Amino acid sequence: MDAIRTENLTKKYNLGWGRGRLLALDRLNLRVREGEVYGLLGPNGSGKSTALKLILNLVWPTSGAAWIFDVPCDKVVSRLHVGFLPENPYFYRYLTGGETLEFYGRLCGMRGALLRRRVAELLEMVGLTAARDRRLSGYSKGMLQRIGLAQALVHDPRLLLLDEPTAGVDPIGSREIRDLILRLKAMGKTVILSSHLLAQVQDVCDRIGILNLGRLVLEGDVSQLLKDQQRLSITVQDLPEGARGAVESAVAAAGGTVVSVEHPETTLEDLFLKALRKDEGGARP
Amino acid sequence: MRGILSAILVLLLAAWGTLPLQERMETQRLRLKFGGVTVTREMRDVMGQGLVIGVLAGFRGVAADFVWIWSHSDWEQKRWFQQYNKMQVATMLQPRSVLFWDVGSWHMAWNIGYAERVDTNNYTLAQGMKRELVWHERGRQFLVRGIQNVPNRYELYFKLGWLYDQKFKDPCLAAEQYAIAAGFSNAPTFIARMHCRKLAECGKYAEAYDCWKRIWFQDHKKVPHLWGVVEREIRRIENEMDIPDAQRIFPQQSPKPEPSR
Amino acid sequence: MSGARQEWVGFSLRRVWAIAVNTLTESVRQKVYLVLILFALVLIASASFFSQFGFGDAGEQGALEQLKFVKDFCLGAISVFGMLIAIVGTAQLIPNELEQRTIYTILSKPVRRCEFLFGKYLGSALLVLVSLLVMSVMFGAALKFKGDNYLRVVRETVERAGENANLEEAARQTERIRAAVLDADLVKALLLAYVKLALLAAITLLVSTFSTSMVFNVAVALLIFFSGHLVGAAKERWAESGAARFLLALVPDLSVFNVADDVILGDAIPWGYVAKVMLYGAVYLAAVLAAAQFIFAEREL
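Protein chains in written order, with our numbering: chain A, 78 to 362; chain B, 3 to 263; chain C, 693 to 993.
Simulated from the structure, these hints should not be mistaken for lab results.
If you're wondering where the values come from, they're calculated on a predicted model, not measured in any experiment.
All C-beta atoms in this analysis are idealised placements derived from N, C-alpha and C, irrespective of residue type, glycine included.
Among the hints, erroneous ones may be present.
[Stated by the list, open to error] Dumping the calculated PhoX-like pairs for lysine-lysine here, alpha-carbon to alpha-carbon at most 20 Å:
| id | chain 1 | residue 1 | chain 2 | residue 2 |
| --- | --- | --- | --- | --- |
| 1 | B | Lys80 | B | Lys132 |
| 2 | B | Lys132 | B | Lys171 |
| 3 | B | Lys171 | B | Lys223 |
| 4 | C | Lys880 | B | Lys35 |
| 5 | C | Lys880 | C | Lys968 |
| 6 | C | Lys836 | B | Lys35 |
[Claimed, not checked] From the derived model, a few chain C residues whose C-beta atoms are all more than 12 Å from chain B:
| id | residue |
| --- | --- |
| 7 | Val701 |
| 8 | Ile729 |
| 9 | Phe741 |
| 10 | Leu818 |
| 11 | Asn841 |
| 12 | Gly854 |
| 13 | Val907 |
| 14 | Ile956 |
| 15 | Val980 |
| 16 | Ala983 |
The whole structure should be built from the sequences, with the hints applied where relevant.
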């Protein structure tokens with residue numbers, strides 16, 4: 078089953094008297110399969126948030142339609158199996174982490190011992206058990222994002238919509254959120270995340286779609302898309318310095334071209350994380 | 003668009019649907035004499051803008067109290083007319099406050115009047131006494147207006163009677179007012195006694211005698227009169243009027259009869 | 693494992709209540725609210741310590757005068773602070789939800805817009821109720837304290853006079869002071885005051901459904917507050933023209949809720965009148981909330 082299906086989903090915003098309309102989303106045709114992690118990419122203003130809001134019935138389409146697990150989006154029941162993490166959430170500043178999750182649990186019909194257990198579970202899952210009784214006004218950005226994920230998961234939804242889940246979060250927090258997403262995928266959940274932090278999306282998503290000015294300009298499997306079919310990269314170890322010339326000649330003899338020879342780089346993110354881990358002895362509070 | 007129109011429609015429906023209910027509330031308010039007062043320009047001059055806003059926001063009582071307390075400072079600084087004006091405004095704001103009419107008239111007829119009489123810095127003795135009489139009259143008119151506004155409380159009738167007695171030296175008018183005051187079920191009993199006494203002072207001995215007899219023949223256990231005083235007055239009137247023994251309640255020869263019932 | 697049950701999809705009072713309690717908790721924990729309510733309580737308590745303003749000749753007249761002042765002042769304070777809490781407290785509800793993005797987390801779950809709106813309103817109404825109760829208790833204490841003082845003075849006068857004591861007079865004074873303090877109609881005045889505040893909160897909510905500027909919301913609500921009081925006076929002046937009455941009826945007549953002055957003057961408020969006023973308030977309240985829902989349901993977020 079498709080987790081999300083949209084048909085010619087279009088949204089035009091009125092800009093006020095005589096200023097015309099802004100085309101925020103132009104005939105989006107999207108199919109997200111159940112169980113995959115889909116990345117919705119694009120620059121600011123490309124329609125990513127609009128698409129998510131249309132699916133959640135927070136705004137209404139000018140034309141076209143969308144379905145969640147084959148239930149039309151304008152029905153309240155379509156949101157039974159969806160969890161949403163909005164962009165830059167602040168939540169209720171004067172509630173504690175535990176109270177916040179209890180509130181959302183109550184909204185989803187849970188109570189009593191069942192609710193308390195679920196809240197404890199969620200806090201454990203996102204690593205916020207220690208901060209349970211702290212007011213959200215004292216949470217860092219990373220902690221807020223994690224509480225946000227927890228509230229999106231409170232009713233154990235099959236589908237998660239995450240709008241910029243790692244925006245403003247430090248690399249460690251980012252890594253943890255990405256690990257969480259992978260764990261959710263392993264649990265069989267579908268995740269759609271929208272972001273413009275491309276490197277972070279790369280590790281996590283199975284498929285991506287790129288939006289620009291409201292149109293879907295590119296879509297496909299990450300691994301397929303990123304592969305440069307024209308080039309081959311061979312990583313060599315323990316090669317003596319002198320033998321380099323021989324390898325390059327062999328390539329030239331076979332008809333190829335050596336494009337570049339250099340030491341492979343690790344990413345800055347990996348370097349950063351390794352350094353911190355070494356410093357803290359591996360444990361993160 | 004549909005939402006805004008529906009919203010306006012439902013508000014209109016509520017507004018006009020409750021019209022009959024509003025009418026009924028209004029008639030009841032008028033009957034119970036609740037509510038509104040218009041602020042005249044004179045009142046506004048005395049009160050100042052801030053208090054006017056307070057009245058418009060529904061805080062009439064607080065505004066009236068303010069003006070009343072404010073008049074107190076005029077009293078301390080001997081600004082009689084300012085005090086007078088403010089007391090007027092207080093009664094205009096809350097015309098059914100017995101307190102304002104009562105204490106206001108007392109200030110006019112007693113305190114201010116006296117103060118002007120003995121104000122030898124500004125007036126000669128003759129002028130002072132004349133001014134005092136004017137203040138007596140002001141106090142009287144104040145009470146009369148008060149009674150028009152609050153006809154269902156004994157206090158103002160009593161005070162008017164007291165005023166006639168003490169300042170106008172007219173026991174007959176005093177007796178009239180005491181009679182009305184005594185007619186209220188919650189009036190203290192001494193007012194009835196004062197009514198009888200003033201009748202006698204007025205020269206209407208027969209009516210006074212009837213008055214005292216009516217008191218005497220009530221249930222002594224239920225009504226808390228000073229029965230010793232009543233008896234003394236009856237005896238005195240009976241002596242004054244030379245009533246034959248047989249018709250007296252307290253005959254001089256025979257022993258005191260038991261009070262009836 | 694899912695803790696959810698299938699009956700989610702209907703209108704759920706439980707969800708409304710969850711949102712209401714959430715709103716109440718958030719509001720009560722704000723420093724601004726705590727400062728406001730504390731200030732109100734201090735002000736009300738201080739009423740019983742006012743020294744003799746006014747002409748207070750000692751004795752009954754002075755006592756009644758002072759008790760009137762205390763009642764007028766305290767009920768006035770309760771009215772003003774109640775109004776502040778009702779209007780300012782409600783004006784920020786929806787703007788805050790939008791700013792904090794929490795509205796998205798709620799409406800992205802199977803929660804209906806009307807459940808959200810009514811839940812927010814209920815939370816505000818509860819806030820006003822709690823505030824009013826707390827202030828009323830303090831008012832009752834201040835009044836009783838003052839009344840007890842005067843009763844003590846009466847008793848001491850009697851004791852000092854010894855045999856010459858005028859017991860009848862003392863009993864009467866005691867009775868009058870007691871009646872002024874234990875006036876059951878004060879409760880009616882507070883009840884109607886609450887209904888008025890609940891209506892004001894609803895009106896503020898209505899305004900906030902189409903405007904997200906808190907200043908605008910507060911300003912419009914205050915405007916309606918004042919208009920509502922002037923309607924009564926205006927009706928008297930222009931009662932003749934049917935068209936004028938029609939127009940005036942659009943603004944809720946808030947002066948019908950003000951029975952405090954009359955209670956303090958010693959009038960009894962018949963339950964029939966109270967019932968009429970509450971019915972009027974309820975009808976208007978329902979209409980305002982319905983209007984708010986109509987507008988909010990069409991609002992894109």
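Now for the hints, and whether the structure bears them out:
Proximity of Lys80 of chain B to Lys132 of chain B is assessed by CA-CA distance (about 18 Å); at most 20 Å being required, the pair is judged to hold. Using a Cα cut-off of 20 Å, the hinted pair Lys132 of chain B and Lys171 of chain B holds, with the two alpha carbons roughly 16 Å apart. For the hint linking Lys171 of chain B to Lys223 of chain B, the alpha-carbon distance of about 35 Å lies beyond 20 Å, and the restraint is violated. Simply put, Lys880 of chain C and Lys35 of chain B have alpha-carbon atoms about 17 Å apart, close enough for the 20 Å limit, and the pair holds.
Simply put, Lys880 of chain C and Lys968 of chain C have alpha-carbon atoms about 13 Å apart, close enough for the 20 Å limit, and the pair holds. Taken as a hint, the Lys836 of chain C and Lys35 of chain B pair is broken in the structure, with Cα atoms around 28 Å apart against an allowance of 20 Å. Non-interface call for Val701 of chain C relative to chain B: holds, since the shortest CB-CB distance, roughly 23 Å, exceeds 12 Å. Every CB of chain B lies more than 12 Å from the CB of Ile729 of chain C, the least distance being 20 Å, so the non-interface label holds.
Annotated as non-interface, Phe741 of chain C keeps its C-beta farther than 12 Å from every C-beta of chain B; the closest such distance is 16 Å. Residue placement check: Leu818 of chain C keeps its beta carbon more than 12 Å from all beta carbons of chain B (closest about 23 Å). Non-interface status of Asn841 of chain C relative to chain B is upheld: no Cβ of that chain comes within 12 Å, the nearest being about 19 Å off. At roughly 17 Å from the closest C-beta of chain B, the C-beta of Gly854 of chain C stays outside 12 Å, upholding its exclusion from the interface.
At the 12 Å boundary, the C-beta of Val907 of chain C stays outside the reach of chain B, the nearest C-beta of that chain being 20 Å off. A cut-off of 12 Å between C-beta atoms contradicts the statement that Ile956 of chain C is not in contact with chain B; the least separation is 6 Å. Under the 12 Å C-beta cut-off, the non-interface status given to Val980 of chain C relative to chain B is violated; the minimum distance is some 7 Å. Under the 12 Å C-beta cut-off, the non-interface status given to Ala983 of chain C relative to chain B is violated; the minimum distance is some 4 Å.
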